[in-house]
Amino acid sequence: MAEMDTSSGGGHKKGPGVKKAKKLSTRVDLTPMVDLGFLLITFFVFTTTMSQSTAMNMNEPKDDSTQVMKVKNSGAMTILLGKGDQVYYYFGQLEADRLSEQFKSTTFKQIREVIVTKKKGTKIDDLMYIIKSDKNSTFRNAIDILDEMSICNVPPGHYAEVDMTATEELLIQKTEEANGIK
Amino acid sequence: MPKVKIPRKSTTIDMTAMCDVAFLLLSFFILATKQKPPEVLAVTPPNSVSAKAAPEKSILITLTKEGKVFLMLGDETKKADILSNINAAKGLNLSAGELNKWNKAPFIGVPLGQIKSMLSKEVEIPANKLPGIPCDSSNNEMIDWMKSVTNVYAGTDQRQLQEMLLIKGDNAALYPAFKRIKEAFKKNEIFKFRIVTNGETVPVGSELYLNPPKAN
Numbered sequence: 004m005a006e007m008d009t010s011s012g013g014g015h016k017k018g019p020g021v022k023k024a025k026k027l028s029t030r031v032d033l034t035p036m037v038d039l040g041f042l043l044i045t046f047f048v049f050t051t052t053m054s055q056s057t058a059m060n061m062n063e064p065k066d067d068s069t070q071v072m073k074v075k076n077s078g079a080m081t082i083l084l085g086k087g088d089q090v091y092y093y094f095g096q097l098e099a100d101r102l103s104e105q106f107k108s109t110t111f112k113q114i115r116e117v118i119v120t121k122k123k124g125t126k127i128d129d130l131m132y133i134i135k136s137d138k139n140s141t142f143r144n145a146i147d148i149l150d151e152m153s154i155c156n157v158p159p160g161h162y163a164e165v166d167m168t169a170t171e172e173l174l175i176q177k178t179e180e181a182n183g184i185k
Numbered sequence: 292m293p294k295v296k297i298p299r300k301s302t303t304i305d306m307t308a309m310c311d312v313a314f315l316l317l318s319f320f321i322l323a324t325k326q327k328p329p330e331v332l333a334v335t336p337p338n339s340v341s342a343k344a345a346p347e348k349s350i351l352i353t354l355t356k357e358g359k360v361f362l363m364l365g366d367e368t369k370k371a372d373i374l375s376n377i378n379a380a381k382g383l384n385l386s387a388g389e390l391n392k393w394n395k396a397p398f399i400g401v402p403l404g405q406i407k408s409m410l411s412k413e414v415e416i417p418a419n420k421l422p423g424i425p426c427d428s429s430n431n432e433m434i435d436w437m438k439s440v441t442n443v444y445a446g447t448d449q450r451q452l453q454e455m456l457l458i459k460g461d462n463a464a465l466y467p468a469f470k471r472i473k474e475a476f477k478k479n480e481i482f483k484f485r486i487v488t489n490g491e492t493v494p495v496g497s498e499l500y501l502n503p504p505k506a507n
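Quick note, the sequences are listed as chains S and F, same order.
Following our numbering, the numbering of the first sequence begins with 4 at its first residue and continues without gaps.
Following our numbering, the numbering of the second sequence begins with 292 at its first residue and continues without gaps.
Incorrect hints may have been included.
Unchecked claim - Pairs of lysine-lysine residues, derived as DSSO-like cross-links and limited to a Cα-Cα distance of at most 30 Å, are as follows:
1. S:LYS75 x F:LYS483
2. F:LYS438 x F:LYS300
3. F:LYS407 x S:LYS121
What the hints assert, rightly or not - Covered by chain F, according to a simulated footprint, are these stretches of chain S (three or more residues, beta-carbon under 8 Å):
4. 43-51
5. 56-62
6. 84-92
7. 98-111
8. 138-147
Hints are computed from structural coordinates only; laboratory data are not their basis.
Only a predicted model underlies this, so the values are computations on that prediction, with no experimental measurement involved.
Positions of the beta carbon are idealized from the N, C-alpha and C atoms, including for glycine.
Extracted from the complex, chain S is given alone in its bound form (with noise of 0.2 Å):
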């Protein structure tokens, strides 16, 4: 078996000066080698397993300009993704005399909340996420605040990638300056 040979040959038997040469016994102890085969599958289970990457799935609409979609201004929310992982947004439609009430800033950490509470708050009929990007911010942004509609179960149909207006370009601009966001 897996042990080592440790009777030595009973020597003293034969007297002194006999010597008997000692038999080695060839096995050898395969647990640190069992140890090392295990470590080795669990590293490369884990690895695999890690490395896959998924695909999600979009949907774009169509661009037409004769089809307009009307959004309730109580049901809407628009998301703005700035510069250096900011998120602004408001509710309903910009006033001139409340901007500054209207548009608040927020990091992606917070919207989940944003967005749940709105969803709770609103009819689903109603319900309109506008989503539109900066031309600074990045893809993982866009894709981010995507997912976020996903992990908050809005169904599709329910929020849109729209582009942005200048007054919305201009407020995120007016509010990096303020907050220092380079």
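Put chain F on the given structure of chain S with help from the hints.
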């Protein structure tokens, strides 16, 4: 009464069998896992909760950190057709030999106008030195590429094409570049495509976690 002597048994067991099993499993896993295709372009895709695995056979558009766009035509059966289609459509004047050589290139990363001169070069330019496919508002060659792709796949199962169209973008790539690619898709009446992401577990307590979508 004779004394009964209980033989002392050794507690060590033979490890050979266990060792065999361990290495058998190890070799199985190593051989069974498919190696990732060598990535010439280093791109770290964003995370998403999507659980669908990305298909292997795909038309992959890679958007690098610098905003360069590369195209990989993974469907070998249609690759030659797409290349000859764009050759004819854009008048690239490539000979059959040149087309053949182009077909062997793993990805496309030069403007259409430079393809002929690139193919005549002996030394291959490393991927990070390539200019990428021009994809800005004035000159969006992705539109031409997507036109060729849709032409070649016309008449085949469109759902299959939708599953194959992938965009793999780097986290730090800027949004406008992504928008241009989407525009190129839209111009060719492609409205469904997929984004390559890294899988992520659904956050505990979120709406999706509490009400997971029904498997269909």
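Evaluation of the provided hints:
For a cut-off of 30 Å, the pair hint linking LYS75 (chain S) to LYS483 (chain F) stands: about 27 Å separates their Cα positions. For the suggested pair LYS438 (chain F) and LYS300 (chain F), the alpha carbons sit about 78 Å apart, so the restraint of at most 30 Å is broken. With a CA separation close to 55 Å, the supplied pair LYS407 (chain F) and LYS121 (chain S) exceeds the 30 Å bound. Given as covered by chain F, the segment 43-51 of chain S passes the check, having 5 residues with a CB less than 8 Å from a CB of that chain where 3 are the minimum.
Requiring three or more residues with a Cβ within less than 8 Å of a Cβ of chain F, the coverage given for the segment 56-62 of chain S holds, as 7 such residues are present. Figure legend: the segment 84-92 of chain S, annotated as covered by chain F; annotation inconsistent (1 residues with Cβ-Cβ distances under 8 Å, at least 3 required). Against chain F, the segment 98-111 of chain S contributes 0 residues with a C-beta closer than 8 Å to a partner C-beta. That does not satisfy the three-residue criterion, and the hint is violated. Note: the segment 138-147 of chain S has 10 residues with beta-carbon separation from chain F under 8 Å; the three-residue rule is met and the coverage holds.
Hint check: violations occur at hints 2, 3, 6, 7; the rest are consistent with the structure.
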